[in-house]
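A.B. asks: Produce the complete structure using the sequences and hints provided.
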Amino acid sequence: MGKNKTLKDYEQQIRECVKCGACQAHCPTYLENRREGSVARGKIALAAALLDKTGDLEKRLRQDISMCLMCGSCVDKCPNKVPTDQIVGAIRREITENRGLSLLGRGVSTVIGNKSLMKAAIKTGAVLSPLMLKEVPASSGLRLRFPTPVMKDRSLPKIPAENLFDLFPEFIQGDTNKPVVGFFAGCSISFIYPEIGASMIRLLQKMGYSVFLPRSQKCCGIPALSSGDGRLVEKLAEQNIKSFQEHDVQHIITCCASCNGGIKEYYSSMKDDNADFTGKVIDFNIFLAEQGFIDEIAELPKWQNRKKVTYHDPCHLKTQGIVKEPRALLRALPNVEFVEMDGASSCCGLGGTFSVYHYETSKAIGARKIAGLEASGAEMIATACPGCIMQLQDVVNHAGLKVKAVHILDLIAESVGITLPPE
Amino acid sequence: MIEKKIIKSLRDIVGKDSVYTENSDRITHSYDATQKSYLPDVVVYAKSAEQVSEIVKIANSHSIPILARGAGSGFTGGTLPVQGGIVLVLTQMNRILCIDTDNLIAVVEPGVVTSELQREVEKLGLFYPPDPASKDFCTLGGNVAECAGGPRCVKYGVTKDYILGLRVVTASGEIIRTGGRTLKNVVGYDLTKLFVGSEGTLGIVTEIVLKLLPKPEAKKTMLVQFETIDGAARAVADIVRAKIVPTTLEFLDAATIGCIRDISPVPLPDECKAVLIIEVDGDREVIEKQAARIMDIIQPLGILDTRIASTTEESEEIWDVRRKVSPSLRKVNPDKFNEDIVVPRSKIPEMISTLEGLSEKYGLPIVNFGHAGDGNIHVNVMVDLAEVGMQEKVDKVMEEIFHSAVALEGSISGEHGIGISKMDYLGMEVDNATVGYMRRIKSAFDPNNILNPGKIFQSTEP
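Chains A and B are the protein sequences, given in the same order.
Take the first sequence: its position 113, counting from 1, is numbered 112 in numbering that gives the first Met the number 0, and each next residue is one higher.
Take the second sequence: its position 346, counting from 1, is numbered 345 in numbering that gives the first Met the number 0, and each next residue is one higher.
No lab work stands behind these hints, which were simulated from the structure alone.
Treat the hints loosely; a few may be bogus.
What the hints assert, rightly or not - One-sided excerpt, in silico: chain A residues whose CB lies under 7 Å from chain B: (1) R14; (2) K18; (3) Q23; (4) D51; (5) G54; (6) P78; (7) P82.
As the list claims (entries may be wrong) - Now the in silico label distances, taken between C-beta atoms and shown as ranges: (8) B:D423 x A:E373: 51 to 61 Å; (9) A:K401 x B:H61: 43 to 53 Å; (10) A:G207 x B:E121: 31 to 41 Å; (11) B:P364 x A:K270: 29 to 39 Å.
Backbone N, C-alpha and C define an ideal beta-carbon position, used for all residues, glycine too.
C.D. replies: Here it is, written out as structure tokens:
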């Protein structure tokens, strides 16, 4: 018995799809290719066919099922809230069980086991080659997200010499009358953007909290979920839940929207009761709003030279209804002049491992953001997910715009003077 | 099954990546919002009128059924391949070819989504009024095929009132043009009107010329709660009699209100037995006056509460009440039979009381809401089909509902069409001679009966 739900477990919800077609207005991949096999309704029809044994895991079904970012936009707007993202995850796990980890696992081992491919990977420089990932744990989602050097023209950040765990101890004592909060950093923040994590920790310190950053925390499991590796998801979930049991933490804070979608939303959907853990997980925007931080920072005198900043909604926050707080934060910041953009809530196109297999579609989905971004006149696009930052910067670079993708915490850090000194 | 060499010819026309024959492909193109399912033999995605023409020629020469599919969001089975054959998907023909601000027209391909066109023209201060509930995902090609309506129809009319011209691929694969780009055009037969609402049985539309209006300066939304359904029905009649034409006049009956009471953003107390959502649009001063007059007229009719939106957010909150309706109906019973009868506006009170009587007679919950302003009532018979003998019961009550609508000089479908869902009832409203005339038109246009066969008329023989 696994802890992940199986396709059969979703049967009732699958039957609740009334085929109205409303998902067509919200699915990023459908809006790009306008194919019924890409949209939630089509996938639910295929799921029903699998249950009824009128369909099987043939090639086209596998292709259609791979055409999903698991962003949850369709679920959000579905009149019956059919959880297509989770159902797609369940089908991908069935595919893995039936055919092995053909989709991703093979790609990874091919590169790692092939010297000339490895050399090519290193030569292309900016690419996160497996070799460059040698310091990253084997179970990290980064390996699944960027397993091969084939995405030659993707702009990616450099991996810094020191990761988040090199910069901070496991436990940082704060005011004794303030509670302990846990910090779930996630792979991207731990290894690619440690400065975002550093800003979060320093801000928490400044607010007087003790911070628990367990060394044993692992990848949230979203990339494994996306690639259909059910067993890995279960292992990671078990370990992460265990890691945060070592201290009596009041909250487990995330500042990666995908990680929040993983350790809060997905773990809640698993078969065993993880409510003790998932109930504590909180996105930093909500945490800061609840602490009165937004009101506090709004009191600060506005800077002379403020940056014009717009906001991109990460899917994993948008679908939880977390849309007001990040904007309120940006509006309150003294160093920011906030402007709204058209299409702020449309997906960036990264989607777990989606961009590995469908880089062209992924790029095209991201490119849909450009018109709105350009019209807003913003010089920065802030968001609350490192995955989105990576993808948005790539999309912006391809469009030849001079816009920088940043995390809200980068701007907060600047405003309250807790930015890391340059290396 | 379609022969391999025909599949090959289709691939030669659109490329091999646009022809789909796998089991999965057939499954994902087998259904629409009726939730019924019929497998096509092959699915083809076309990108131009010329491709459509070549494909139809092949279908015609081999007598293979062919039907066009847009968003597949219809409620009467217009895009169901009931006789198999080719499903021709037009969603990728989704370019807005031109928005002409001098002549107030737009030219579009059939795969353009209705609200996408609306967004684009509104950026230029223009307005495309037809607004079916599915406007965020339905396509204009589908709107033309079914002659879609929507709440704004009270003031602005339905799809056919905005179609100036069409480019159509006929059953023989010829590409013809109907109408033109001008408001006036009386050259030859008005084929445009004939194609609009013909449910894909006479030709496949590949280009649409639409009439646009200037965008109204402002709008005002009101939500009025009534003590009785009769009060609400009289309010509709009195507003119309006072020569005021609101943009929309939506009503919700007591059963509907019961479904949304817990989740409505506007509190709806138990005493509230009917709700009217009234919206007026136009110049700012004019709509203020109109709103005030409407309030004066309906004041004596047993009003519990009135809410007038003064901001866009407040207006959205009122519309949210309406939007909560459809998804909430399943609380009553799992299976929904949704019909869109229409009666002359003045007959609404009579129709509503008939529906209440039928609900009691059959012991079935009937939830009614819809476009009171144009007499179009969405009747939802909510049942659990798992109960023995329920389908027969539903069939009986449906027949009585349609009979009552026709007896009141109304119609069995206001905006969903006939398709397969209402085929059995066509004769109830349209006499034999008229049906015969329609059939002769069909056989003249499509002698091999390849275009969306098995729809509208009961027998497959034209």
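A.B. asks: Provide an ascending list of the numbers of those earlier hints which the structure does not satisfy.
C.D. replies: 1, 4, 7, 9 and 10
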